[in-house]
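Novice: Chain by chain, the residues run as shown.
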Amino acid sequence: MSVLKITDVSKVFAGNTVAVDKFSLDVADGELVCLLGPSGSGKSTLLRMVGGFERPSGGVITIDGEEITHLSPEKRPTGMVFQSHALWTHMNVFKNLAFGLKLRRLPADEIKRKVEAVLELVGLAGYGNRLTHQLSGGQQQRVALARSLVLEPKILLLDEPFASLDQHLRERLREEVRDIQQRLKITTLFVTHGQDEALSMADRIVVMRDGRTEQIDRPDVVYRDPKTPFVAGFIGTMNLIEGTVSNGVFIRDSLRVPLPIADGPAILAIRPESLDLVAAEPGMARVHRVTDYGTHGLVDLDLPDGERIKSMVSHPDLFKAGQGVDLNPTAIAAFRDKMQVYRSQT
Amino acid sequence: MTDTVVTAQRPLLETSERRRPVGLLLVAIPVFLIAWLIIWPIINAIGRTLWRADANGDVGFTIASYVKFFSDQYSVDNLAVTLWTTGMCALFLLVICLPIALYLRFSAGRLPAYVQALAIFPMFVPSIILAYAFIRVLGPNGMADILLNSVGLPKIRTPYLTPWGPVIGLVWDNIPLTILILLSGLGGVSNQSIEAARDVGAKRYQVFWHIILPRITNSILVALSFSILGIFSSFTLPYLLGPASPEMMGPFMQRTFREVNDPIGAITQAVITFGFCIVFGLFYVRSVARNQGK
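Those protein sequences? They're chains S and Y, same order as listed. Note that the numbering used here gives residue 266 to position 266 of the first sequence, counting from 1, and the numbers run on in steps of one. Take any residue in the second sequence, note its place counting from 1, add 346, and you have its number in the numbering used here.
Simulated from the structure, these hints should not be mistaken for laboratory data. Hints are supplied without guarantee of correctness; some may be wrong.
Incomplete in silico selection of chain S near chain Y, CB under 7 Å [what the hints assert, rightly or not]:
hint, residue
1, Phe13
2, Ser39
3, Pro73
4, Met80
5, Ala86
6, Leu103
7, Tyr223
Taking lysine-lysine pairs in the DSS-like style, the calculated list, with each CA pair at most 30 Å apart, reads [what the hints assert, rightly or not]:
hint, chain 1, residue 1, chain 2, residue 2
8, S, Lys154, Y, Lys414
9, Y, Lys501, S, Lys5
10, S, Lys75, Y, Lys549
11, S, Lys114, Y, Lys549
12, S, Lys185, Y, Lys549
13, S, Lys112, Y, Lys549
Please read these numbers as outputs of a predicted model, since none were measured by experiment. Heads up, the beta-carbon is just placed ideally off N, CA and C, and yes, glycines get one too.
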């Protein structure tokens, strides 16, 4: 049982730059939590504070109730996988994995057994004698993961581990890592700026911005029910249309959508897949471009005032540039003062 | 095939036979200069010491000049003091420069910038200025003596005109180059590889011993090879700061040539000096070749 608890942790760098601002998070035993956010949101700094590579300016970090806030990295029960793999090129694969075990003065036969077992786990059995530069990028990342796992850490920390890999390999590896994590039931904190990774791997996603939490929820909830306009815009593609609500109707130029909230300015959020199009002249919007992705199409639309929005359609061949269309949202959300004030399925 | 396709198929780096003469021409001038100004004098010097005219004027192979050098205790003492000075300098350079380079590599901020500027400063000071500054500070009745005297302490035993004089001067003179080469090597050790080592439980000295040191071994060899090559054949600092006897090979060669008027003896000393230097040169070449192999 390994529970990670982060309470009011802050990090202020020289020059009063606040990287992390009173961040709190509880990660349950065996849970995989993704820290997701744009560059500079503080997610890597937070992970490095959990790993002991940055000293928090304030707050408390505990693992299984034991405070580790000011422990050095070598004294923490954490294992970190770095973005650049960070393998030691002067050692072969076996020595990379055995290094931490040797420091713990384990007997040679036990080291051999543990290293071989973890190599088997990551699908690299028989690769022990290879030098690291003889491995592909994916194999190097597996070695980096194995190097952390062989020490049986209580908390596994993954710092954008797939960022340097190509798309195909990234998709395969994230499935493998998720399988291994679930098999070992190891509590994991995963930093990424790739929403696909977060949505496909995480038990919960923490969306971060400017060192603060925007939303913590299950991936499907974060996608379907974003609590702030930032989350709505950051996760997936979202049309965020600024306008005014008057008598229960959202108005932006020729666009009118029923919205039962108090009168005033609002941001209407519509996913492209929740925006149906009906051919009409002159229509609420005009088709700017149609992109056919094979499985679906994406239609770029211009509102009369020039605002561009997107709609996902199943038959892109039905639309062409310059054509007028009416917009029919099937699911909407609305934001005011940076908070969600309405969400509905129409 | 369209022009576009033909253009796309052409490699970025032209490797065709047509371009080969241009490449050879580019390296021809430096190769010629090296052959003319370095290789030829070496061959000439070796030839002049091994093929000499006897009393009858007949030219033949002889190692008499080398036998004379190694049977002369004074010459052997000079070679020994040169080796000792070089070894001491190498040791002190490593002991002084490695911690400074480590500090500069793994620190950030204004202080490391000042330390780096100070460490590189000797590069811009001519050896002769350095030698006179040394004499004024550590020489008899120099600044150190005056300061000690002012607080009632006895004078220091000055290293001026002892074998330690050239050691201090040469170490100071070679600190910038050594630090720059070590820093370059340390630049190849990523922060993440060090953090990864700490993450698996390595303490700071274990990180240094198991992760950093193996990765900069080549840089240490290169730095020491460069310094040793310069120190072994140095002249100004040993001449101005060192003892009259035994003396380092640089001043010894100059004196043998000018004052003793024995050019063959001086050339023999030069060839012997070259023989030692080439060993360190081979260390350097081997290190470079090993790096390129990787």
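Novice: Under the criterion that the straight-line Cα-Cα distance not exceed 30 Å, is the pair Lys112 (chain S), Lys549 (chain Y) satisfied?
Specialist: holds (23 Å)
Novice: Taking the closest Cβ pair, is Met80 (chain S) under 7 Å from chain Y?
Specialist: Holds - the Cβ of Met80 (chain S) comes within 7 Å of chain Y, reaching about 5 Å at its closest.
Novice: Holds or violated: Lys114 (chain S) and Lys549 (chain Y), Cα atoms, limit 30 Å.
Specialist: This hinted pair holds, its Cα atoms lying about 22 Å apart.
Novice: Does Lys154 (chain S) pair with Lys414 (chain Y) here, judged by a C-alpha cut-off of 30 Å?
Specialist: Distance ~73 Å between Lys154 (chain S) and Lys414 (chain Y) Cα, so the pair is violated.
Novice: For the pair we were handed, Lys185 (chain S) and Lys549 (chain Y), check the Cα-Cα distance against 30 Å.
Specialist: holds (29 Å)
Novice: Per the CB criterion, is Phe13 (chain S) less than 7 Å away from chain Y?
Specialist: Hint on Phe13 (chain S): violated, closest Cβ of chain Y at ~11 Å, above 7 Å.
Novice: Quick one, is the Ser39 (chain S) hint okay against chain Y at 7 Å, beta carbons?
Specialist: Where the cut-off is 7 Å and the nearest Cβ of chain Y is about 17 Å from Ser39 (chain S), the hint is violated.
Novice: Would you check the hint for Lys75 (chain S) and Lys549 (chain Y), treating anything up to 30 Å between C-alpha atoms as holding?
Specialist: holds (9 Å)
Novice: Using the nearest Cβ pair, does Leu103 (chain S) come within less than 7 Å of chain Y?
Specialist: With a closest approach of 5 Å, the Leu103 (chain S) hint holds.
Novice: Would the hint linking Lys501 (chain Y) and Lys5 (chain S) be met if the CA-CA limit is 30 Å?
Specialist: violated (64 Å)
Novice: Verify the interface restraint on Tyr223 (chain S): the C-beta must sit less than 7 Å from at least one C-beta of chain Y.
Specialist: violated (32 Å)
Novice: Please check whether Ala86 (chain S) passes as an interface residue: C-beta within 7 Å of a C-beta belonging to chain Y.
Specialist: holds (4 Å)
Comparing the model with each numbered hint stated earlier shows that hints 1, 2, 7, 8 and 9 do not hold.
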